[in-house]
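**Student:** Here's the letter readout for the chains.
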Amino acid sequence: MNIQTLSTIIVLTENKPGVLYRIANLFLRRKINIESLTVSEIKAKAKSRFTIVVKEDPSLVRKIANQLKRIVEVFEVHVHSDNELFYKEIALIKVGVKNADMLKKIEDLLYQFQANIVYHEGGAVTIQKTGSEQDIAFLQSVLEPFGIKEIVRSGRIALEKGKPHRIGAVSRELRHMSRTTEAIEISSIKKLELMAQAQKGTIPLAQGIPSFFTAEHIQKAAKRAIDTHIVDKYSKGQGIDELRVAISEKLKKENGIYVTPDEIIVTHGGIEALMAIFMSLLNVEDEIIVLTPDYASHITQITIATHGGKPIFVPLVETKSGWKLDSTRLEQAITPHTKAILLCNPCNPTGKVYKKEELKAIARIAKKYNLYIITDEMYEHFVYAGKHISIGSFKEAADRVISVFGFSKSYAMTGWRIGYIAAKKQLIEHIMKIHDSLVTCPTVVSQYAALAALKGPQNVIEKYKQGFLKRRAIVIEELAKTNKLSYTVPEGAYYIFPKFVKTVDDVALAEKLLKKADVAVVPGTPFGKGGENHVRISFGGDEDMLREGLRRFVGYINRNL
Amino acid sequence: MKLSGAEILMRSLIAEGVETIFGYPGGAIMPAYDALYHYKNKLRHVLVRHEQGAAHAAEGYARIAGKPGVCIATSGPGATNLVTGIADAMMDSVPIVCITGQVAAHLVGTDAFQETDVIGITTPITKWSYQITKPQEVAEIVNKAFNIAKSGRPGPVVIDITKNAQIEQCDFFLGMQSPTTPKRAPINKKLLKQAADLLNNAKRPFILVGHGVQVANAEKEVLELALKGGFPVATTIHGLSSFPSNHPLYVGLLGMHGRYGANVLTNKADVILAIGMRFDDRVTGRVSDYAKDANIIHIDIDEAELGKIIDVLVAIRADAKDALMQLIPLIKKNNHAMWVKEFRHFDDIEYEKVTTKELKSESDKIKMAQVIHLLSDKTKGDAVIVADVGQHQMIAARYYDFQKPRSFITSGGLGTMGYALPASIGAKIANPRREVIAVIGDGSFQMTLQELATIHQEELPIKIMVLNNNFLGMVRQWQQLFFEKRYSFVDLVNPDFVQVAKGFFIDAHRVEKYSELSDALDKMLKALGPYFLEVKVEKEGNVFPMVPSGAACDEIVLE
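Just so you know, the protein sequences line up as chains L and H, in that order.
Residue numbering for the first sequence follows the working numbering, beginning at 1 and increasing consecutively.
Residue numbering for the second sequence follows the working numbering, beginning at 1 and increasing consecutively.
The set of hints was computed from the structure by calculation and includes no laboratory data.
Accuracy of the hints is not assured; some may be wrong.
Listed below are the simulated SDA-like cross-link pairs for lysine to any residue, each with C-alpha atoms no more than 25 Å apart in a straight line [to be verified]: (1) Lys308(H) <-> Glu76(L); (2) Lys47(L) <-> Pro548(H); (3) Lys69(L) <-> Asp101(L); (4) Lys105(L) <-> Ile151(L); (5) Lys31(L) <-> Leu107(H); (6) Lys16(L) <-> Asp302(H); (7) Lys63(L) <-> Leu107(H); (8) Lys69(L) <-> Leu107(H); (9) Lys55(L) <-> Ile310(H); (10) Lys308(H) <-> Gln67(L); (11) Lys150(H) <-> Glu76(L); (12) Lys353(H) <-> Val498(H); (13) Lys502(H) <-> Pro548(H); (14) Lys31(L) <-> Gln194(H); (15) Lys308(H) <-> Leu28(L); (16) Lys250(L) <-> Thr414(L); (17) Lys484(L) <-> Lys502(L); (18) Lys63(L) <-> Met90(H); (19) Lys69(L) <-> Pro548(H); (20) Lys16(L) <-> Leu107(H); (21) Lys425(L) <-> Ile151(L).
Non-contacting residues of chain L with respect to chain H, defined by C-beta distances greater than 10 Å in every case (computed) [what the hints assert, rightly or not]: (22) Arg29; (23) Lys63; (24) Gln67; (25) Lys69; (26) Val72; (27) Ile90; (28) Glu133; (29) Glu150; (30) Ser211; (31) Ile312; (32) Phe313; (33) Leu330; (34) Lys367; (35) His388; (36) Ile434; (37) Val501.
Predicted model, so just to flag it, every value in this text is computed and none were measured.
Using N, Cα and C, we set each Cβ at its ideal position, and we do this for glycine too.
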C-alpha cells in the first residue's frame, strides 16, 4: 500500500504560454489529482513560480519532480513536506447575516479564528481568512450553521524555510508552536462545541456540566471570605491548612485513604492535578497504560507531558453486563518502559464503576511490575449500583497510588475550579514542583468555598445524585425507542456510552447530528481504543432539555441508520 | 536586409548544418516550399508519400548521421500524420526537428480550413514545441529547437509556423544564430569512486549497454572498460551493435526475446553497471524480481530515468562517454573468466534447444532465423539493418552478428509497425556508402509501402527484404501461447508483393525454398539499385527464448 502524504512542489519556469500545459500533462499521465495549484509571476527575469500541492506517495512525487525538470522551460523543481515550508492560503467566505445578533455572534467567532470581515453588504458579510488549509476548513465548519453563500480559496502559496541554525533564519510567525503542540489536533469535542455554540437552538448533550447551582451555604462562605480580606493574597501553594485537614478527614472517612494533610495538594480542578502528576512522573521514553475508553483530555495531557509520546491503550472488554477489565491484556501491554497505569473510576465516558476484584487485579499487577497507579475519581459520589471503591484504600497499593478528586461534580462547582491530589509524601514533594510552576496556589476564594462544601451539609450530594438517577431513567426510556444501539446502563457518573449496532463513522455522525438534528453529542473515537462506533451522551442537563435532545437523537438515528 | 520568414527558415536550417529535409507540401506550408525552391541546391528535399514516412525517415537519418533529422509538413492532416513518428522519436530519444505549417495567426483558434492544434497535440510527445507567429522569431526559434533536440537526452521538437510568419518580411542579419554547445554538468567524483569500488570488488559484475552509448559515441569506451575489468557485456535492443557481437565478453541481447544466459544471470549478478538505458519493462520483466542480488550503478544523462523503475545504489547523471572516460582509470585490471563461462554454459543450452533447431532445415521451407543468419554471414555483419516491428525484428536482433557501431535501427520503445521502410530511406541518405537492408514483416510492410515510390524517385539502392508468413506473426505467437491458439484476425491475405514492388519500378524477386535462399540473397546484395526480395517463410514459426509477459527475467523459457 502506498502511503499518501501531502507534498508541495515548487517549480520555477519561464513565463511563457504552454508551460502550464506541459506541467499539468505530467500529472494527467499519472492520473494524479492536483489538490491546489497557484501560479504567479515573480520579478526575477520574468519567471513564473508554480506551487503545486498533491496527495501522493512521496517516491512517486520525486519521480514526477524529476520529469518536470525535463521540461525545457523549467529551471528548478523543489519538493517539500509541510514542515519544511511556510504556507498559507486565503479564503473569502460570504455568509448571510439576518440581524445584529447574528453579526455579533459571527464577529465573536471571527475574533477567535483571527479572521476579518472585509465587506459588509445588505444581508451578507464577506470574511477573509488567511491560514493553513486546516484552519480554513475549521472556520468553514463553524460558519456553516450561519449559512455560507459562497466560498473561494486561493490555493496554497509557500516559501521554503531556511536552515534553522543560521542566524537570521528566525521564525517570526506567532502561530508557530512547539512540535508537540502543533501535532495535537483540536479535539473533535472542542470542534463540535464551537459548532454547537454557533448554532442556535442546539441541545447540548455533549459537555459534562451538571445543571445544578452551587449550594447557597457555599456561596455565602465565599462571599464572607472576600469581605474579610482573607482571599487577597497567595495562600500556601499546597492549599490552605484547614482545607487540607478537612480533605484528609474526608478521605479517611469516605474513601479509606489514610494520608496526612501534608500528603494532599489542593489543585486548580482535576485537570491541573493530572497535568502536574504526568509532568512530574513521565520521561519522554516512558509509557503509561490507559484503560480505555477514557476521558480524552488524559490522552492529550500525556502526549504533552511525554513530548509527543502516546499512551498505551488497553481497552476494557464491552459485555452485555458492562465494561470489564481483562487483566491478562493489561499485563501483556507492560514493557520495560511502562511506568504507570491510569484509570478513571467511575469512568467518563462509559459510566463504569470498577469492581473490587478488578481494582485488586490492577493493584497486584502494579506491585508485580513496580508501577504507579493514577486514579481519577471525579465522579466518586455518583454511583447508582454498588459502592465506589478507591484503589488508594488498598494497603498493598497505598505507596504507589496517586489519587485525584474534585469538587466540580460532587458539589456542582465546575466553575470554582478546585480539586486535589492525595499521595505519599515522597511523591507529593515532586508533584509540588510542577504544581507551583503551573498555578503557584489554587484560587484562594475557591478554597474557602470548598472548605465550606466539606464542612457544610452533605445532603446536597444526595440531592444531585437523585436528580441524575431520574435523568438516567429518562435516558433509558428514550433510548428504548430505537434498536440501532446497544448499551449498558451506567453504574456511575452521568454519561451513557451507547454503541451503534451498525458500524458508523462516529465523528462524522456526531457532526451530522449537530447539523441535521440540532443535538450535540460527543463521538466515541477520541476516548481511545474501544471508543469507536460509540457516542457519549451526558445526562447532566435538565430534564426537559434532555428529553428533547434524546428525542432528536433517536429520531435521527432511526431515520438514517 | 529584409527577408521573408520562409527564407529565414531556409537560411537558419542551412546554418544548423541541415542538408536533407523529408517532407510533403500543402496549403499552409507553401510559402516555405516556395523559398525551398530557391535553396534546392543547398537543401535536398525528399518527397515522401505520407507524412508519417517523413518523420520516420528523419529518425533513420538522425540515427545514422548522429545529428538531428528534419521533416516538414503542412497544417492539419499533414501535421497529424507526423504524430506517430514524433511519438516514436520521443520514446527512442531520437533528435528530429519537425516543421509544420499553420494557418495565418489571425485565423488560429477559429477552426479555419486545415487548422489543428498541433502544439496541443504534440506537447506530451515532444521535448519542446513552439508556434512561430512572426518572422522575427524564426531564426532564434530554429536555433533553439536544434539545440534542444540534440542536447542532453535527444528527442523530437516541433516548430509550428503560421502562414503569415512565413510570408511577412523582417530584417535578417547573418550570425543571428548562436550555435551553442550544450553545457555538461561535472560528474560527482564520489559517485564515480563508489561505482569503481563496487565494480572492482564484484564477484559477478555485469554491464548493460543501452542506446545512450551510441548517442554519446561511447562504444570504444565501453569496450575498453569491459576489457580492463573483464566484465561481461549485454545490450538492450538499441544497444545492439554498440559492442561487437562476436566478442568473447559479449553475452547477448537482454529482455523478452533476449539471450538465455543474459536474462537468467541478470538475477545472479552482484554488481550491475547500466549505461544509457532505462530499464524498460521489456528488459526487466517483473520488476519486483529484477536483479535482487545486485548493487546497481546507473549512468544516464536524464535525471528522471535514475530510480524511475529500479532502485539503484549509485545514480550518476552524466553523458555516457564523459562518465566512462573518468571511470576507466579507476577500474582495476581483472578478469572474471569463471563468471563469463557461466554465460557460455547457458549459451550452450540455448544453442542446443533453440538455435540449432532454428537454423537446421528439415524440409525446404525457410525459417526466419536462417534468412538473417545467412544474411549476416554474407554481409560479414557489416550492413545497417533497419528492422520493422514483430517477429522478424526479434529474429534480426538475435541472429545478425553486428560488427560496427550504428548498424541496427528499429522502433524499440513505441514499436511502430511500418517504421522500417521510411527509416531506411533516411539511413541510406545519411550514409550512402553503407549497405542498408530493411527487414520487414508482411504486416508491417503494408503500413507504409507507398514509400517504395520515394525510394524509386530518389533512386536509393536500399535492399528491402520482406519476410512473409502471411500472418501478423508476433500477435499470432501470443495467441498461440497465451490465448489457447485462438487466432483472432491475424491471418493476412496478401497482395503479390513482387508485383507491387515492380509496380513501383523496383527490381523485385521472391524466394520460397531454402535451397534457393543463398542465391537469392547473393543476387540481392549484388544489385546496384533498389532491390526487393520477398522471402516466404514458415507460417507458424515462433521466437524463442521468451520471457512471458509478467514473468521475471530468469523465468525465461526456451520453447
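**Student:** Output the numbers, in ascending order, of every earlier hint that fails for this structure.
**Tutor:** Result: hints 2, 3, 5, 7, 8, 12, 13, 14, 19, 21, 22, 23, 24, 25, 26 break, sorted rising.
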